[in-house]
Amino acid sequence: MGFGVSTADNISQNTAYSVQAADKMDENGAILEMTTYGGIKETTEEVYTDAGSFTNLAVNAQVGNTTAAVVMSHTLIESNTDYARASKVSRQALTTG
Amino acid sequence: MTTTSEVCPLVPASYIKNKAYDGDGEIWSIAGGGISVFGLRVKAPSLGVFSLLESYESPFIAHPEDCTLLDVWRVLYINDRREKCVQEVMDWAYPSHGSEFVHEDTTTWREFDHNAFAFGAEHYDENTPMEEIAQDVEKLYKWFLLAFEGFEMIPGGGSGAAWWFGAETIGSMAAALSARPCEILWDLPLCFVGHAVASHARMNGNNNVKRPKDVADMKEKFEEAKDRERNGVMHPWQVENPEAWPLTEQQIKYKPTIQKEWDRLLKERKNVKA
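So the protein sequences, as listed, match chains A and B.
For the first sequence, the numbering used here assigns the number 875 to the initial residue and increments by one for each residue that follows.
For the second sequence, the numbering used here assigns the number 11 to the initial residue and increments by one for each residue that follows.
Rather than coming from a laboratory, the hints here were simulated on the basis of the structure.
We put the CB at the ideal spot given by N, CA and C, even for glycine.
Here are the computed distance ranges between Cβ atoms for each label pair:
| # | chain 1 | residue 1 | chain 2 | residue 2 | range |
| --- | --- | --- | --- | --- | --- |
| 1 | A | T969 | B | P191 | 56 to 66 Å |
| 2 | B | D197 | A | F877 | 26 to 36 Å |
| 3 | B | D34 | A | E952 | 22 to 32 Å |
| 4 | B | K263 | A | F877 | 41 to 51 Å |
| 5 | B | K149 | A | N954 | 23 to 33 Å |
| 6 | A | F877 | B | C192 | 27 to 37 Å |
| 7 | B | A177 | A | S953 | 23 to 33 Å |
| 8 | A | M899 | B | N28 | 45 to 55 Å |
| 9 | B | Q269 | A | F877 | 46 to 56 Å |
| 10 | A | T969 | B | A177 | 53 to 63 Å |
With the rest of the complex left out, here is chain A (with noise of 0.2 Å):
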């Protein structure tokens, strides 16, 4: 029996907030200022489905805001005649403030 948490590997997905900042400096390049903007949330999560029905879901058109995320990538890790493994990236916006 292991030292370890039964249930401590079954983390399958990771998510990353991140920002962009604009940086307001004086002559000398100092920044005297950052405002931040562009904020998201992005979503690695791993998924699978049987062997036939993988499609991918990192297509054109999609629409996004704070409330849904867009699928930014959909990578096929592994797939064999039981199932498909993969990759699925969502990227969504944060709210203001």
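Here the structure of chain A is known, so what remains is to put chain B in place on it, guided by the hints.
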């Protein structure tokens, strides 16, 4: 009603159980322990053992349904003697003369057959009941299969070569571990080599190296997901995180009103956040 052409929706990995594995067995295998079967202490097989078994398509691996007790002795003999029996296995697999092997006719046996048989007879009590033999064979299979737990963590598995344990595999493993061929072939338990190769793949940037999922549980989850789609029910991952999991075409097709439910859920989530 299930139809084979039905599309299975994506199921997040966190909803599928991991495949159970024998962590204690892996430690024993790597640390140099050995199981007790047929009155023998059997240490963990190395890559070279599987290479030799593959060289003559051992029924123990290739056709378990045709595996005889003598085949089991051959396996145990190879696992025990390792590099010391390479020549006799080769002479046996590629004989330059002599008649074809007939189990019942010992005059057709070669050195490898005699040695393997003697090795078995030395340890095995011929009055052993069949049930006990079957248990020992099963135990031996489990012990040998432990060798592949590490490799199973690497997506795509093997090298794709026609010989699973051939020169390509030996070369790539020796390179991955910076080990000498004799260490990879005979000294290191294959269970260790598999985990080391998996770790090497992870260090080289393969973030998808991890314990595999339980295929039976996965299939069950696929069927449950298809059922929910047919019945216009939202998946638990959609309820939990509707922003990331929009409705599928099938859900809307089977129950157009589900769109309102999803919109409401999304609105509720937005209000909670605000």
